[in-house]
Each structure stands twice: as C-alpha cells, then as structure tokens.
Amino acid sequence: MPVMSKPLVVDNVVKRFGRGDGQVVALDRICFEVDHGDFVAVMGASGSGKSTLLHLMAGLTQADGGHVLVNGQDLTAMNDKRLTLFRREHIGLVFQQFNLIPTLSAAENVALPLRFAGVAEKTIQERVATMLGKLGLGSRAKHRPDALSGGEQQRVAIGRALITNPAVVLADEPTGNLDSANSDAICRVLRELNETDNVTIVMVTHEPSVGMYARRAVFIRDGQLCRTVDTTDVADAAALGVMYQEVLSGGGSAAPTHDARDDEVDRPVSETADV
Amino acid sequence: MVILRLAIANLKRTKMRAALTIGAVAAAVSLVVVITSAFASLQQVAYSLLDEYYSAVDVAVAPTNNADVIHMDLVRAMEKDDRVNEVRVSLEVSSLMVDNKGNRLAPWPVKLRGLRDPAQHDAGRRALASGHWFEMPADANSVVIGEGVAAGMKLKVGDMVGLPRLEGGPVMFKVIGIVGKPDVLWIELPSVYMPLKELQDWSGYGDTASLLEIDLKPEVDFEAFVKDWETRTDLAGVPLKFKTELRHKGAFDQAIVGVRILSYLGGAIAMLAAAFIIFSTLAMGVAERSRLLGMLRAIGAVKVQVGQLVVIEGMTLSMVGAGLGVALGWYWTWLLAHHYPDLFIAGAVLSWGGVIFSVSGSLVAALAASLIPAVSATGVSALEAMTVVARPSRAKTIAVCAISGLLLMSIDHIIVFLPHMEQEVRLWTHLCLGLPTLMFGMFLLTPAIVLAVEPLLAPIIARLLFIQPALLRQQLSGGLWRTAGTVSALTVGLAALVVIQVHGRSLLGGWKLPTEFPDLVLFSPLGVDPKAMDAVESVPGVKRDSVLPIALVSPQLGTNVITLFGMMQRPNATSMFGVDVDKALGADDPPRDPMVGLEFKQGDLVTARRRLKEERSVIITEEFYKLKGIGVGDKIKINTTLNGEVEYTVVGVIRSIGADMIARTFNLEAEMENWTIGSMLTSLENVRRDFGITKLHLFMVNLDTADDKGAITKRVREAVGEKFGLLAADARRLKHGIDEGLTRLIHMLSTVALAAIAVASLGVINTIMASVRSRQWQLGVLRSIGLTRGSMLRIVLSEAILIGLIASAKGIAVGMILSNIGNRMSEVVAGYDPPWVIPVTPLIVGVSITLAVTLFASIIPAVQVSRADTLNLLKAGRSSA
Ligand SMILES: Nc1ncnc2c1ncn2[C@@H]1O[C@H](COP(=O)(O)OP(=O)(O)OP(=O)(O)O)[C@@H](O)[C@H]1O
Ligand SMILES: [Mg+2]
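Read top to bottom, the protein sequences are chains L and F. The numbering of the first sequence is this note's numbering, which starts it at 1 and goes up by one. The numbering of the second sequence is this note's numbering, which starts it at 276 and goes up by one.
Bear in mind the hints are in silico, worked out from the structure with no lab data behind them. Glycine included, C-beta positions come from ideal geometry on N, C-alpha and C. Each hint should be verified, as a subset may be incorrect.
Here are some chain L residues pointing at chain F (derived, C-beta under 7 Å) [said to hold, decoys possible]:
#	residue
1	84
2	93
3	103
4	104
5	113
6	116
Start from the sequences, fold in the hints, and give me the full structure.
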C-alpha cells in the first residue's frame, strides 16, 4: 500500500502582522497535523490566532516562516494562480457569513466551483443533485438564498465546499451566525459527512457544544498550540467548556509537540472539572 | 458561461442601476444615430439640389469667375461635336422685380433663369401649379414664376411684372405659369423663368449664357470630352470651369466634410458621458461586492475570471444599450422624417455609418470603462470573504492616479505648444495621442480632486442646509471611484459647452472691423460698370469720391497640398480683393483719408500703397502670414485665369478685417466650392489684368453726415437700388448680422453639450442611489437616535450638490484648458490666433443646468430613503454591509 501523504500538515508556521512596536505575532512556530478522515475543532480565545491559522491552511495568506502542506504539496511555494487552482481542487471553504450569491439558486451556488473549473454540465448536474440530496436540500434546489433559513443557507455553503471532493474542508465559525438548533443541525451534517464519506474537516469554533461534534479539539493560545483533546474522552460539552475556560485563563500545557495528540489525550478530563 | 451568468445575476441585483446605465448608453447611441441619419438625409437633399441646379448632367460648364458669361459661339461649336447629344443653355441673373411704375414688388431679389428651351430642363418638365410654359416665339415677354415668388409678391397667372432698367421705365412681362414647389428645393432662391433671348436682351449680356449643361451620347468618355473643350476660351471669351457629376459631388463633399465630422463629434461627446456612467456603475458593483468577489476567489475563481466578470457586465450593459439606442434612434429619425418630409426625401433612412460608429463606439467605451474596475476586482483578496471589516480606500492608489493623470495631461500641452514642429505632425499627434491622453489624465485626477475639495465644500453646504457638518464628512470619499465616474460624466457635457462657447466666441471675437471702414456695402448681383456709381454718389448724405469698387476673385494658390483637419478643410485658395488703391488706402503720398484703416503687422502703409500701384503686389492678412510663413518681401504664386501662374510680392501684413466674411454673405453658393485661406488685398488694375474682370459686384461707400445710417441706407436703396438691382447694407450692421448668425450656430451646437449633461444625469441618479444604499444602515442608526426625515433628505441632497459643484468646477477648468488648446490649434491650422473671449452668461447657464440636473436626479433616491422605515434601513444596512 503506497504511503498516502497527510491531507494537512502545518509545520513550524510563523505569522506576524505589522512592524516594529505594534507588531503582533499571530502564530508562533505552530505545528499541527491532520490525518485523513479526521475532524478537528480549533478552539481558543478571541485573537488567539484561530482564523489566521485557517487562512494559512487555505492558502489565503502567506506565512512568514514554516510550511503548510495540503496533500503533500507546499502551499507556501505556490504563486497566486497555482494556489487558486489548487484551492479549487483540494480545499473546501465554509464561511461564517455563508457568502452565497443572492441571485443564484441553491443548486447554482453549489455548482459554482465546478463551473469555474470548466467541468462538463452533465457531470455538474449529477453531482450537485447528489450533494443536495445528501445535505437534505433536495427539495430546495431551485430556491434562492433569501428563501432559505440560515441553517439551510449554511448547508448550501457546505455543499459548495464539498462539491469538488477536497482533501480537506476548512470552516471558520460555520455556526457563528446560527441559533443553537440550526447550529446543531449543521454540526450533525458535518459529523455525518465525516463518518460516512470520510471527509477531513478542520473547523474553528468558540462553542464547546460545537466542538464536541469533532473527533479532536485543539486549543490555541497566543499563537501556539497548547492542548489537544480527544472528544470521545470528554464527558459532554460542559466538560469541554471547562477545559476551554482553563485554556483561556492560562492553564494547560504551553509546550506543543508534533505528537501532542498522543501526549495529551489521556490527560484526565475531570482534573479541573470542579474549579 | 458561468461568468456570464454571474454578470447577468449581478445586473439583476441592481436592476434600477442597470436600467439607468443602459438608458444612458441608449440615449447616447440614439443621439448619434439620429444626428448622422438626419445629416445623411440632408446630404441627399443637397445632392438633389445640386442635381437640380446642374440638372444631373454629364458635364456642366460655367465661367471660372462667377461674374462672367460664356459666349454662345462655344455652344454652337459644341453642338457640332458628334459626341454631344444636347446642350441645355441657361443664363442666370439676379434682380429685383418691380411693377410698371418701377416700385419693387418685394425687398428681396429673385433669380432670373433664362432658358433656351424649357422642355429640356427639369424645371420645364415639372408640372405647373397653373398656366403653361412659354413656347417661343409665341410667348415672348412672358415669364413662369416659382410658387414662392407668386406667394411672396401676390402674383397669379395673367399678372404683369417688371424688371428695372438703367434708362427708361421697366420692361414688363406677363406671368403665364406658376411652377410648383419641387420636392427638394426647400432652400432654392425665388426663381423666375423666362426665355433666354429676353433675359439676354434685358441684362445686356447679349449672345451669352452662364451655364451649359451638356448631355453626352452613351459611352462617350466625359473626361476626354472635357479635356478637348476645357481650353476653348477663344470661343467662350472667358476662362471656363468644367464639371462632371463626379467632380461636382467631390467638391461638395469636401466642402461639407467639416459638418459631417461635427455630426459624429456631437454624438461622441454624449457617448463619452455614457462611458463614464458605465465606469461608475461597474466601479460601484466592484466596491459593493468585494466580499462576494473575495468568496469567488476563495472557492477557486482565478483572477482573470473575476476580471472577465466585470468586463462582461460592462459589455452587456453597452450591448443592450446600443441595441435599444439604435431602435430609439431609428424611431426618432422616423418621427423627424414624418414631420419634415422635405428634409427626408428618401424617408427615414438610417445612417449605417452612424449606427456602426455608435455601436462600436459604445462597445469600445464599455471596454475602456471596465478596465480600471476589472483590474481592481482582480485585486480583491479572497480574505475579503472571511472578514467583516471593510477595506479603507487606498491613499497610495489615488496619489499614483493623480500623478499619472497630471503626466498624461501634460502630453497634449507639449504637443500643442512645443515650438518647431511640423504642422501636420502636430495636428495629428494632437488628435490621435494628445486629446485621448488629456481626457484620460483628467479622469485619473478626479478622485484626488474629490478628496481635496470635499473637506472644503462639505462644511459650507452643511451650514447652508442646516445639517451637522460631521454628518457630511467623507460622504463622497466613501465611494470615491463611483463619484469620480459621475463627476467625469457631468464634466464631459459642461466642458463641451465651455469649449463651444469660449472657443467659438473667441473665434468670433477676433473679427473686428477697423475703425476706418466704409459705412455702406453695396452689392450688385448683375454687376455694374464702376462709372454707374455716380448715381450713388449723388445721393444726399453720400460722401463725394468715396465709392470704393471692389473686385473679388478666389484664385488657387500655386502650391497644391490639401489637408483635412477635423472640422475645417485646410484651404488652398484665397479671397483676393482688388480695390481702388487711392480710395481705399488714401489718395496722396503720404496717403490721406483712407476709406479702410489697415493695421499693419509688417510693412507700412506708405510703402505698401506705393508698391500696390506700381507692381504685382499684395497685402496679406496675418493668418496667411502665420499659416504659410510668408512675409513682406516674399513672393506668392497665384493661378490667374488670364496669365497662368504669376508671382505677387507681399508688401504688407495686416490684421484681418473680415472683408471676405462680408463678401461671403452675398455670394454663398460661389463660396461653397472654395474654402479660402485668409484674404489678400491688391489693386483693381492687377485683378483686371490677371483675371479679366470687367463688371464689378461689390462696392463700399462712405457717408458724410451723422444722420441715421438706416435712413441713408434706405435712401441709397431707393435712389439706385431699383435701377441696378443693387442691395445696400450698413457694413457694421452686416457684421452684426453675421455675428448673430454665428452666435446662433454656437448656441445650436451647445444643445449637444446639454444633451450630454442630460445623459450624465442618469449617472447621478445611480451614484446617489448607490451611496444611499451603502449607508442605509448608518442612516437607520441616525434615524433611530432622532434624526428627522427632513434632515435625512437634506443629507442625501447635499451629496448631489457636492457632486454638482465639483463637476461644475472641473467642467469649467477642463473646458478652459481645451479652449486654450483649441485656440492654439486654430493658429496652427488656420493661422488665426483668436483673443480670449469668455462669455459669462452661457457659462453660468451651463453651471446652473449642471447643478439643477444633479439636484433633480437626486430627488428620487432622496425621497425614497427619507420615506423608508427605520427598521428596514437597519436591516437592509446590515445585509449589504
Ligand atoms: N490583517 C491583520 N492585521 C493586523 N493584525 C491582525 C490581522 N489579522 C489578525 N490580526 C491579529 O492577529 C491575531 C490573531 O487574529 P485572528 O483573527 O486569527 O484571531 P481569532 O482567534 O480568529 O479571533 P476571533 O475568535 O475573534 O475570530 C489578533 O491579535 C489579531 O489582532
Ligand atoms: Mg476568527
């Protein structure tokens, strides 16, 4: 069996903003890997660098140091055009603000990346129909975004991200604009896709209840990875919330390693539960 | 394909904006179509007129000098040439018509046309409204008059009319027929047809004709025929000009090429305004959709695809607009044709040149307009989709634009003002390189102007409208490029108005009569012997010894380069005035009491006068000097009718007195054939010797009382007019009349500029709507904390006022720059360096119209937003943020 390259490797990445006194080190030599079929929730305080990390993984910004590899290819070595084409093929993006085109129907929005890539119309039709069916939007294909609920809109956006069968789906606070019911629905969809189709997902979120749907939760503080938790080891969202609070208040390990997962998964959850 | 769908989807998103932009393109295109179609129709009319005038003959023969007549020996000889099928002979003379007591029937002269055989002529074949055509010899002493004459003089078949005679009472003729108004002769002079013989006798021209129309047998080579006969001045007695149909139309086309170009140019101005509106629409679309464009980039659209999206939007708008515009233009043309069938003899026929020009023009305009927005769209980063914060406008881009704008603008100034440049090179580089870069440079400068002017004007407007100044801060700079586009669109019209007015008036203002200039101008259509002028001298009030006869010829210059410059054809002929040197420049040496006060730029009056009397010499005008670089002491080769090419020495350079303008008013049709450059003054003797002029048509007269000139003019007319068919006019009044006519022309042209402003007003609606839309949320917040509806209305109106003011300032500035360049180019092309004349009233009108149009255009969006529900504003704002 050939060695498959990991869908996503973040290697010693540094990202700084600004210059001189006002310089912010958003990411500080961060290392991070995602295996095929993984579902990772990136959690952390506001300003900790979650979005910046996600943008780097999507090739939307360039790192000041280190490498980002998607499917074994180094994003930091690509020019804009290659990056765009690469993103089109290998990365699916889901936004907090849905970002659907208001004048196109749900099906047309989902089809967009395939159309950019010049895929044959017949293939597009088939794949879009399957995708919408999978997302439970089969009956909403012809609707415009303004006729869809927030949750439905986000599902359309997820469909658009998945339609190219990307190596990894990156989502920045996909539930940020949704109420808890819709939020849960979206999370279930993501989880299901992960379980049945083996879709690799990295999702940024604030909310422990959302984070619980992932297989792993990764905590970031001050641009550094500080803790990784296997959610199967966490009792419930409340417990994850407690951990989150702990990270916010400066607890947890500040020494990230490549094998953070192995080192830290078995740290007892209840350790700080009563604080 | 997907790009096209996205483009259309976006246009649907902002339906109103798309509609207004399409409307602007359609208006501009239809303007071009209707103007060029109307022009083409008028040209058709003119062709038919020419055909009528020359009867669509194979070859037409006329004397080189309009005053001459051809001896019939030539006709008799030609009729023996077996290539000739038929020679139609006519003699044309202008005269007043009188009754049997010698009182004139109307103040205007008629064109007497003596026909040898009416049946040969078009007129003769035309159906008569009443009566019949004359048949010789039965119908001697009869005339057939045109309907216009019949109506104007209240004549009917059977009435008697008279022609004045020098001695004795008038010769009387009986009206035997009235010829109907032909389809196309809408501007023909009032005509009276009579047997050739009768006219020859009355006019004293004897056995002569003024026009021969020759019908050749089939398959005869016209040009060979012309070659054989062209030189037979021995038979004709005078030098002849031969015209074939082709030569004829060619000459006419050349004469009107300026008008034709003007008709395209007028539409082009409106089109430019439309282009700026397209630009502003696209710029708005890009600015508002930065998040959406970012998302497209994030999900895999490459830069080119995003750029294409914008270009396709622009192209779609312009194609739909052009399609509608052609339809609209056709409809307008049809309406015009319906109302003025005289002018549209072929019905509503579209000018395909105009259609192609306007459609391709609007596509090119859209392409150019989408360039900057497309580039800026490709620059939208995918991150825009991820973040909520809006991008601040980039000061650096604007500075770079402003600086490149200034650099581009300087190019034309260098071209126009750089010394030592070949005229031709200067002209064409100016047209092809200078003007476009100037326009584009000014556009690039606009955002900087808006940024600079807004903080100065906004507080003033706020105070005037009772709004808190803070609320108006950065109103325009929020959407800098859409504002720049709209300001530029408005600027086009206003600048065009300024150029037309300032440059036009400057050209006019340069023509001043000298302080010493004869009081009256007399014109005799028949031409009279100078001796007969005694009659004029004896009129009370006319000064002794001050009737100045003038012979006018328009010879070709020796060199033969003909160049077309946009509006005017660089002429290669000149108006040559032969005058009685003693009377015109003063009798004695040193001269005393000149009738015409000349202002010498080179040489002096004493020497010039002496040399004019002694040799073949001329005094030239300044224009001539500038254009040909010929000054005192130089020699000019002139093609004379009698002695071929001869050399005249320049003995003086004077400031132009515009005598050629005055002469032209009397003799328009002769001038249609030759555009003349400047004019030159020589002695009557020189003209007689080289051009064989015997009869004179133009006289200038001085009066010796301070009495009312109008009264004396009337007396002169009464005393001599009826006898000689003389027309008299006060020179200064005449100039006034010409000035007025030209001023009216300037005003007429100005309407095109106003049309461009009207087109631009559509862009104003767009901009204000976009601005309101982008600030809905902000306005909602203001409303919720207590801003009144009225204040909100005023906030929106204030933005329009700001745009109007900036556009006005820029329009005037641009107009002035262009006028300055125009004046300079007129020196390059026509040698005429006009003084600056700045007509204040039209400019104020232009600015007022611009402001009014902007304000009016903003009313709809202003009222809309002030009526909107606060909650809706808040909601709508957030989703569009
Ligand atoms: N374009 C930028 N210019 C300057 N600083 C930036 C920029 N983008 C992010 N930062 C800074 O980098 C740090 C990380 O920001 P980032 O957006 O990644 O945080 P985040 O974890 O996503 O926060 P949130 O949960 O609020 O979305 C912050 O301190 C932020 O101020
Ligand atoms: Mg974030």
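Check: Tell me, which hint numbers fail for this structure?
Finding: none
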